[in-house]
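Residue numbers (the numbering used here), protein chains in the order written: chain R, 1 to 340; chain D, 1 to 238.
If you are wondering where the hints come from, they were derived from the structure by calculation, not from laboratory data.
Being a predicted model, the structure only gives us computed values, none of them experimental.
Don't be surprised by glycine CBs; every beta carbon is placed ideally from N, CA and C.
Treat the hints with care, as some may be off.
What the hints assert, rightly or not - Rough simulated footprint, nothing fancy, chain R against chain D, three-plus residues with beta-carbon under 8 Å: (1) 67-76; (2) 79-85; (3) 90-98; (4) 102-111.
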Amino acid sequence: MADSQTEARKRSGLAVLLIMLVSLLPLVVQHGYVLRILIMISYFAVASYGWDVIGGYAGQLSLGQAAFFSIGAYAAASAYLIWKLSPAVGALAGVGLAALLALGLGSLVLRLRGPYFTLSTLAAAEVVRILLLHFKSITGGAEGRVIPYTGFNLSALQFATDRPYYYIAVALLALAIWTSYQVSRSRLGFQLAAIRNDEDAAESVGINLMSAKVKAFVISACLTALAGAFYVIYDRYIDPYSTCSSEVSVKILLIALVGGRRSIWGPLLGAVLLIPLTELTNAYFASIRAGASMVVYSIILIIVVLYAPDGLIRVLRRRPSRGAVTLQPGPKGRNSHASA
Amino acid sequence: MLQLKGVTKSFGGLTAVNQVDLEVRPGEIVGLIGPNGAGKTTLTNLITGFLPIDQGEITLNGEPIANRGADFVARKGIVRTFQIERSFKDLTVLENVAVGALVRADSVPEAFKKAKTVVKRFGLDRQEEELARNLTIQSRKALEFARAYATQPKMIILDEVMAGLTPGEIDGQLTLIQEIVSEGLSFLIIEHIMQVIMGVSQRIVVLEEGAKIADGTPQAVANDPKVIEAYLGRGGGD
Ligand SMILES: Nc1ncnc2c1ncn2[C@@H]1O[C@H](COP(=O)(O)OP(=O)(O)OP(=O)(O)O)[C@@H](O)[C@H]1O
Ligand SMILES: [Mg+2]
Chain R
1 MADSQTEARK RSGLAVLLIM LVSLLPLVVQ HGYVLRILIM ISYFAVASYG WDVIGGYAGQ
61 LSLGQAAFFS IGAYAAASAY LIWKLSPAVG ALAGVGLAAL LALGLGSLVL RLRGPYFTLS
121 TLAAAEVVRI LLLHFKSITG GAEGRVIPYT GFNLSALQFA TDRPYYYIAV ALLALAIWTS
181 YQVSRSRLGF QLAAIRNDED AAESVGINLM SAKVKAFVIS ACLTALAGAF YVIYDRYIDP
241 YSTCSSEVSV KILLIALVGG RRSIWGPLLG AVLLIPLTEL TNAYFASIRA GASMVVYSII
301 LIIVVLYAPD GLIRVLRRRP SRGAVTLQPG PKGRNSHASA
Chain D
1 MLQLKGVTKS FGGLTAVNQV DLEVRPGEIV GLIGPNGAGK TTLTNLITGF LPIDQGEITL
61 NGEPIANRGA DFVARKGIVR TFQIERSFKD LTVLENVAVG ALVRADSVPE AFKKAKTVVK
121 RFGLDRQEEE LARNLTIQSR KALEFARAYA TQPKMIILDE VMAGLTPGEI DGQLTLIQEI
181 VSEGLSFLII EHIMQVIMGV SQRIVVLEEG AKIADGTPQA VANDPKVIEA YLGRGGGD
């Protein structure tokens, strides 16, 4: 076990180096737009680490993370605009609300095997968007809401430059990576690994499928909601289409898929690759924006599924993942064990 | 310890398990035999909570365990292997066993510590870092047995874990079973290889078309005309 000790020392050395690099980055990066991209990479990665808990570790394909992203975003915005609270308070409330939705929805549909969970997450995001469009007095409806900039104000989380936002985003990213790491080595992580491989076998060793899956869904929702809250605090603008479209859900999922699921660095790598790319295509195809990025996503998805089904992090490391080959591993019919 | 009374299960018109009474005592090895389709696996599914029962009752030390879910039964102390093996393919051998150990362990490291000793005991230590998918079917069945044992159960149900093993490997498994029984665990063993089941079991239960047709010592069962009829009438076991 001496090996693992030097390994650990090497790792912590690497971590210190990384932290220094990351903290000094905004001092070096002079171009405002680059810093903006770095911030976007960070919060989309956070959302994607969230997806990875349910979609990666638990192997339950969620196509509705936009619902949680929106709840976080609208809670932060509404807390500030309507109730004159710090958006940070709103962010926490949003995380709580997202957790409740995940708990409720998860308890209902994670019981079912097969595509029902995926479909219900898709539907949940649609319902959330319809509600956001409907309750105009709170949400501003389709026009959305602008958070006016009133000068430096710590409690309103308003800063004159992007640097403070960058540090907040990186802190959230660190929290997300830490969460992913903790999940991967925890009891829950091993339970999810078992469930993803074979639900019957998991049950046969005493794992409560529902409890483990719902926990994963709640953690997933919390991280994604946190990313949504940060998004509105940073952008100071919100509307139902930019936070709650299927495009957002797909983007969050694709980041993890491209980078590599169930990996401490996968979603970050995915965001580093995808966010600049989507910004580029968005700028290039500005006139047909929404459609264009979905086309680009589809092409990326096809390429990844064909050539790097385990995500690029594993191409870099030349190490195959465990069962990342199919998009949704695991679900076996309820009856299949009876004939086994 | 384990007690079944009048347990019945039908699939549509087919009664797969019909009014079965069964008892397994602590430290006992019971063999469950019967022709193909007799209902052995279905009975396993009923005992371990993978299928709800239609009628009757199943108790473990007096506590009803039927229709409570498979995870509940496993936590209560009855675990099984699957006739068509279901190891966790993308986990290593050690991780497979650790997942089993987790149910009674206070922490993940403790589960891995336990798993280490179990893996060694089952002779899988040389492959412990191998992914389960890379093992032979026979090794995966042994792995399932190890995973079940790692949960520290009161009783293990083995559904044809020895099919395909060499005589030497079968001997190894039988020795292991005998050792584990001496710790006070019970076994319900489903096996088609007659010499094996007759040799290891203290008692044999015979199912035919879902009903129990014999229950006694291996010798008594082997000489039971009903059993001979059931097997010969169908052209033997396997
Ligand atoms: N889920 C199910 N739905 C419908 N019929 C089933 C189901 N499971 C088992 N059966 C039927 O119940 C009967 C008993 O099957 P079971 O698998 O329990 O037999 P078995 O004794 O284990 O046979 P084998 O020795 O071949 O493993 C068979 O006729 C089988 O086709
Ligand atoms: Mg069978």
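Item checked: chain R covers the stretch 79-85 of chain D, three or more CB atoms within 8 Å, holds or violated -> Holds: 5 residues of the stretch 79-85 of chain D have a Cβ under 8 Å from chain R.
Next item on the list: Check whether three or more residues of the stretch 102-111 of chain D sit with their beta carbon closer than 8 Å to a beta carbon of chain R.
Entry: With 5 residues in contact (Cβ-Cβ under 8 Å with chain R), the coverage given for the stretch 102-111 of chain D holds.
Check: Mind checking, does the stretch 67-76 of chain D have 3 or more residues with a CB under 8 Å from chain R?
Finding: Since 5 is at least three, the answer is holds.
Next item on the list: Check whether three or more residues of the stretch 90-98 of chain D sit with their beta carbon closer than 8 Å to a beta carbon of chain R.
Entry: holds (count 4)
Of the numbered hints listed earlier, not one is contradicted by the structure.
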